[in-house]
Amino acid sequence: MTERPKFFDDIAGVAGGAISALAGLKDEVSSLVKARVEEAVRRLDLVSREEFDAMAELARRAREQAEALERRVEALEKVQTQQGGEKA
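Take the position in the sequence shown, starting the count at 1, then add 1233; the result is the number in the working numbering.
Everything hinted at is true.
The list that follows gives simulated cross-link-like pairs (lysine to any residue, SDA-like), each with its CA atoms no further than 20 angstroms apart:
no.	residue 1	residue 2
1	Lys1267	Leu1255
2	Lys1267	Leu1279
3	Lys1311	Ala1301
4	Lys1239	Gly1249
5	Lys1267	Gly1257
6	Lys1311	Ala1299
7	Lys1267	Leu1277
8	Lys1267	Val1280
9	Lys1267	Arg1282
10	Lys1259	Gly1249
11	Lys1267	Asp1278
12	Lys1259	Arg1269
13	Lys1239	Gly1250
14	Lys1239	Ala1251
15	Lys1259	Glu1271
16	Lys1267	Ala1256
17	Lys1311	Glu1300
18	Lys1259	Ala1248
19	Lys1259	Val1247
20	Lys1259	Val1270
21	Lys1267	Ser1281
It is worth saying that the hints were derived from the structure and are not from the lab.
Assemble the whole structure, with the sequences as input and the hints as a guide.
Quick look at the structure:
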């Protein structure tokens, strides 16, 4: 069996080190990008999807209540008109 030259062992070691360094660099870049995006979101005062959905539901309920109250006022005005006009 022949021995590998030391040169190939050195190249393999350098390549392995470079690969592990790149993996660490990828994680670091990912963390930095995530931090920058979170900072931008906070600075823009954006809301989360859950908060948006909750507010949309509140607005929908308020709209339904306003529409129901409009119908009720119209009905009461109609009854008042039928009973002999408006009284001041």
